[in-house]
Amino acid sequence: MRRRPPGRQLLTSVILIAALAVFLFPVAWMFLTSFKSNPEFFAYPPVFIPKSFALTNYVNAMRFPPDGRGGIQGVRDSLIIAVGSMVASVLVGVPAAYSFARFRTGGENLSFWVLSTRMFPPVASALPLFLVFKVLHLLDTHWALILANTIFNLPFVIWLLKGFFEDLPVELEEAAVIDGTTIFGAFRRIALPLVGPGLVVTALFSFIFTWNEFMFALLFTRRDVRTLTIIVPSLVGGHEILWGQVAAVGVVAIIPNVLLALLLQRFLVRGLTLGAVKG
Amino acid sequence: MQAPRELHVIKWDFPPKFGNVTVNVVGDAGHNLAPYEFWKDHFPKAGITIKIIEVPFEGVYEKEKTEFVAGSGAFDVVTFYPAYVGDFASNGYLEPLDEYMKKQPDSVWNPRQEDVLPPFRELYNKWAGKTYALTIDGDAHLLIYRKDLFTNAAEKAAFKAKYGKELMPPETWEDWLQIGAFFTRKKGEKLAGQTLERDFYGSAEFAKRGFSFAWFVDRWAASGDLYFDENMKPQINSPAAVKALQNFVDSLKNAPPDVRGYGYDELRDALLKGSVAMVVQWTDVPKKGANPAESQVVGKLDYGRVPGWRIGGKVVHRAMMPVGRVVAVASSSKNKLAAYWVAKHIAYDMSLEDVSTAFTGLDVNRGVHFSHPEAYVDFKSKAEAAAYLDRVKEALGDGYPEIFIPGAAQYEDALDLHVNKALAGQETPKQALDAVAQEWNAITDRLGRQKQIDLWHQALMSYKVAGLIK
Amino acid sequence: METKVGRDVLAPQPARLVARGFRLTPVLMVLPAVVVLLAITVFPLVFTLRLTVMSWELTTGFPPQFVRLQNFARAFFQDPRFWNAMMNTGILAVVGVGLQTLIGMGLALELHQLGRLRTFVLSLLLIPVMIAPVIAGFQFRMIYNDQFGPLNYLLDRFTGGRFHGYAWLADPRVALGAVMFTDVWQWTPFMTLVVLAGLQAIPAELLEAAEVDGATGPQTLRRVMLPLLLPVIVIGVLVRFMDTFKLFDIVYQLTAGGPGNVTETIAYYTYLEGFKFFSLGYTSALAFIQLAVITVVAQVFLRYQKRVRAGMAT
Chain A
1 MRRRPPGRQL
11 LTSVILIAAL
21 AVFLFPVAWM
31 FLTSFKSNPE
41 FFAYPPVFIP
51 KSFALTNYVN
61 AMRFPPDGRG
71 GIQGVRDSLI
81 IAVGSMVASV
91 LVGVPAAYSF
101 ARFRTGGENL
111 SFWVLSTRMF
121 PPVASALPLF
131 LVFKVLHLLD
141 THWALILANT
151 IFNLPFVIWL
161 LKGFFEDLPV
171 ELEEAAVIDG
181 TTIFGAFRRI
191 ALPLVGPGLV
201 VTALFSFIFT
211 WNEFMFALLF
221 TRRDVRTLTI
231 IVPSLVGGHE
241 ILWGQVAAVG
251 VVAIIPNVLL
261 ALLLQRFLVR
271 GLTLGAVKG
Chain B
280 MQAPRELHVI
290 KWDFPPKFGN
300 VTVNVVGDAG
310 HNLAPYEFWK
320 DHFPKAGITI
330 KIIEVPFEGV
340 YEKEKTEFVA
350 GSGAFDVVTF
360 YPAYVGDFAS
370 NGYLEPLDEY
380 MKKQPDSVWN
390 PRQEDVLPPF
400 RELYNKWAGK
410 TYALTIDGDA
420 HLLIYRKDLF
430 TNAAEKAAFK
440 AKYGKELMPP
450 ETWEDWLQIG
460 AFFTRKKGEK
470 LAGQTLERDF
480 YGSAEFAKRG
490 FSFAWFVDRW
500 AASGDLYFDE
510 NMKPQINSPA
520 AVKALQNFVD
530 SLKNAPPDVR
540 GYGYDELRDA
550 LLKGSVAMVV
560 QWTDVPKKGA
570 NPAESQVVGK
580 LDYGRVPGWR
590 IGGKVVHRAM
600 MPVGRVVAVA
610 SSSKNKLAAY
620 WVAKHIAYDM
630 SLEDVSTAFT
640 GLDVNRGVHF
650 SHPEAYVDFK
660 SKAEAAAYLD
670 RVKEALGDGY
680 PEIFIPGAAQ
690 YEDALDLHVN
700 KALAGQETPK
710 QALDAVAQEW
720 NAITDRLGRQ
730 KQIDLWHQAL
740 MSYKVAGLIK
Chain C
750 METKVGRDVL
760 APQPARLVAR
770 GFRLTPVLMV
780 LPAVVVLLAI
790 TVFPLVFTLR
800 LTVMSWELTT
810 GFPPQFVRLQ
820 NFARAFFQDP
830 RFWNAMMNTG
840 ILAVVGVGLQ
850 TLIGMGLALE
860 LHQLGRLRTF
870 VLSLLLIPVM
880 IAPVIAGFQF
890 RMIYNDQFGP
900 LNYLLDRFTG
910 GRFHGYAWLA
920 DPRVALGAVM
930 FTDVWQWTPF
940 MTLVVLAGLQ
950 AIPAELLEAA
960 EVDGATGPQT
970 LRRVMLPLLL
980 PVIVIGVLVR
990 FMDTFKLFDI
1000 VYQLTAGGPG
1010 NVTETIAYYT
1020 YLEGFKFFSL
1030 GYTSALAFIQ
1040 LAVITVVAQV
1050 FLRYQKRVRA
1060 GMAT
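Residue numbers (this note's numbering), protein chains in the order written: chain A, 1 to 279; chain B, 280 to 749; chain C, 750 to 1063.
Each hint should be verified, as a subset may be incorrect.
[As the list claims (entries may be wrong)] Distance condition first, Cα-Cα at most 25 Å in a straight line; then the derived DMTMM-like pairs of lysine to aspartate or glutamate:
1) B:K330 - B:E316
2) A:K51 - C:D905
3) B:K296 - B:E374
4) B:K319 - B:E285
5) B:K709 - C:D828
6) C:K1025 - A:E166
7) C:K1025 - B:E374
8) B:K552 - C:D920
9) B:K615 - A:D224
10) C:K1025 - B:D713
11) B:K522 - C:D920
12) B:K426 - B:E573
These are calculated hints, taken from the structure and not from any lab test.
Given only the sequences and the hints, what does the whole structure look like? Please build it.
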């Protein structure tokens, strides 16, 4: 790699620091707000450092009613649904992606149809889905949201993995098949490990998308299932917004995502690259 | 929060014990559901288990309507905003309550509706002459202002010198503009003898998209117009209406520069943090105003009737009754009698305790709420509470409803959109209201004109009984 | 056997495996996905398709009535709000996604230069994507507050009191920009990740060869890196474009579509028609119009991507 003049390296540092400042300022604001209490939310000059770092807002947000707002249930339910949908989409989507990539199964039309299901505005499918789930007695259960989110995650997984499989050189699998391995074997033992890192990143994003979903969660749940995205608007009363608790829930909501990402940090960017397969 | 002290002012009795029945209550999440927690010991004594289903404040209509449409039977007691009463009642989602109210003995079943203030009882509890819902939260608008500024000698003198009349809380909307301009001052100028560290404004409004139309109706309703005439012809673009909207647009000049983004919180905070001299807002704001943790103007507030217009020599006042809450029994409920008792218990038996504290966000709506100022512990003295209650009672006498026939959401949204556009300067008041009239006609046609006319006639019956029309 | 690397081997059609004859396995591998998707989506699709030619106002309790193409006529010819929403969404899509791509690419290029710190910095940058849009909306509501928010306060301070900042959510001239900024803030890191991955896949030999040939930095960027990155960028842009059409949560929190309706997106308007007004026929028509628009755009993107891939194989 070309050696870079120190001036250029300084510029890189400046740019990245500026970027971090912009992207992380709202996150830091949320973190600090989670410790504030009235009247620090709207004060002039704005309160940057709260006067106390007590965990009151967290406790109030997490405990079950009537002591709190039930955030713990939100964490539990969001986790079940996000993991469920992620796993389901990956289990079912990855083989399909391989099939599309290597065999063009169903031609252009089938794979485009798969993508197009993701394009349909969720607002319009919400009511019919509600009726379907009602008939199947799935309302207010985790299954309803796992299935509904799969509508978005499955095509996403399929299309992203399709791209990664297509970028793999085909010779290795060809060689294996000629040697007598089944197609599924070639998929499982050769192609899959090579896209492993890319798969992990795709799974992470489908987790994130499901974790953040709001509209279906609002309509398909009542009491037994409450996701974090529903807990948050419930902190907005008609005549009161519990800003501190909203921020607290926001901070708690990021934690599983951040943990997951850190865990996968090794794969995160190496992940989407397939590197050179040197012979 | 601790439950308020039981006052035993309202006399009630337990029903004969139900056989371990579960009643599902749906309501908007937040402290307004606190009563179910305050009185949680009462329900088991009646053999009832309560299960609460919370819905976000903004999502009440879509959630409840979706469940009703699908006939899911998930709710027994429904809490909702009375603008939906026409929609829910006329579509058969709610159980008529008149028979339940007449059951004996009285102390168990009678919610004493005759004590509820007429605007709420006639306009928000009934439909087509039958009772379908009971009010638990009587929202209405009130004028709230900084009495320390209005009683300040220097300010009074300056006002008299400038306008040739006494400085008083505004009686008409023209006064509102004048006084608002008078009190709008820049940082560095003087106000009540003190130099301002920040800009100060004469008035503020709820100008955010979503509910700004209520502040327009405050200015229009005193003209005596109703939303439609007997043939469903919109009256919303009458000259009085245009004048009202023009006044609203003009009022923004005396308000903080970001007033177009002001919702409930921002408007309340503008007053309680000392940035404005007067607002028109809900009747619960004074309770918060008395709380030092939330208010920098404790003890400096006074209240009055929403301004009106001078018509035929007298000033006519009207106050919008936006939002509010009622409870009802779902017609698909499997435990209607138990559900009815739960609703009645919250709407009547324990209502005085529930409205007495700012914590629940529930507001006065019955005569008995006004005759016991000692219950309102947020205020420092019984006299202060009594003064507040007197003003609120006056204001509630001026009550004017939201549109509550089916289609309310569409009519109100069209109105709010164009009011908001006029406030943003994108349309003139006349253009805006003409557009509203046009859209209202389109909505009426889409929903079925004859049916809407019939529904509006039913609503007019309620208006008559409430005394809003002759 | 000389093994081809990543992008070097891009043929007009990505290579097939064992193309002769019909094999059962690939079909079986696709079957579960197709069945699941079909099962979940077929009823909503048919239900809504039928409703596009009907009028069904759930507020009145009338049964649905057949109205032929009236819903579409209303959207195209009688509903300025529809066009306004499409235009707002269009601006958010074109300008917003454009910014996300440009800034994302810039950041990816800089990150590419970092050594060991790269994954750490990238992980930090990804946090905005992990915040639920609903919650991000709340934070920005505080940040954008004119009187008490930190943004205007800092602007005031850093310009010595000369520029106070606008009423971001209340001024019709800047409100859409404020919404766009929140969206760009949240999703630029996603584009950064996509482009960075593409960058990692470019073989070092190509870059070294360019350097040896005497190409400057910007020239290398334009002639070597950009063409190789294009397929990856296209997929990223397509996903973001599709998702901009679903932009709802932020608008719901920040502005409710106001002032007036300068921030009303098509997703928000469709939501109003469907879940506040319960005009199911019109809502379905709106949904299908959106589906058509996105499908057309997706086709354009995908054909472009194929052409680029074909071009690179020569």
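* Below or equal to 25 Å on CA atoms is what counts here, so check K1025 (chain C) against E166 (chain A). => violated, 45 Å
* Below or equal to 25 Å on CA atoms is what counts here, so check K426 (chain B) against E573 (chain B). => Holds: K426 (chain B) and E573 (chain B) sit about 18 Å apart, inside 25 Å.
* Between K522 (chain B) and D920 (chain C), is the straight-line Cα distance small enough, at 25 Å or below? -> holds, 24 Å
* Quickly compare the C-alpha distance for K296 (chain B) and E374 (chain B) to 25 Å and report which way the hint goes. => Holds: K296 (chain B) and E374 (chain B) sit about 22 Å apart, inside 25 Å.
* Given pair status - D224 (chain A), K615 (chain B), alpha carbons within 25 Å -> holds, 23 Å
* **Pair hint K1025 (chain C) and D713 (chain B), alpha-carbon separation not exceeding 25 Å** => holds, 23 Å
* Holds or violated: K330 (chain B) with E316 (chain B), Cα cutoff 25 Å? -> holds, 11 Å
* **Pairwise hint evaluation, D828 (chain C) against K709 (chain B), where the allowed Cα distance is 25 Å at most** => holds, 20 Å
* Asked: Within a Cα-Cα threshold of 25 Å, do K552 (chain B) and D920 (chain C) meet the stated pairing?
  -> With Cα atoms ~22 Å apart, K552 (chain B) and D920 (chain C) stay inside 25 Å; holds.
* Holds or violated: K319 (chain B) with E285 (chain B), Cα cutoff 25 Å? -> Given pair K319 (chain B), E285 (chain B) holds - Cα atoms ~13 Å apart, limit 25 Å.
* Is the straight-line distance between the alpha-carbon of K1025 (chain C) and that of E374 (chain B) 25 Å or less? -> The hint holds at about 23 Å.
* To do: Verify the proposed pairing of K51 (chain A) with D905 (chain C), using a straight-line Cα cut of 25 Å.
  => This hinted pair holds, its Cα atoms lying about 24 Å apart.
Violated hints amount to a single one, hint 6; each of the other numbered hints is respected by the structure.
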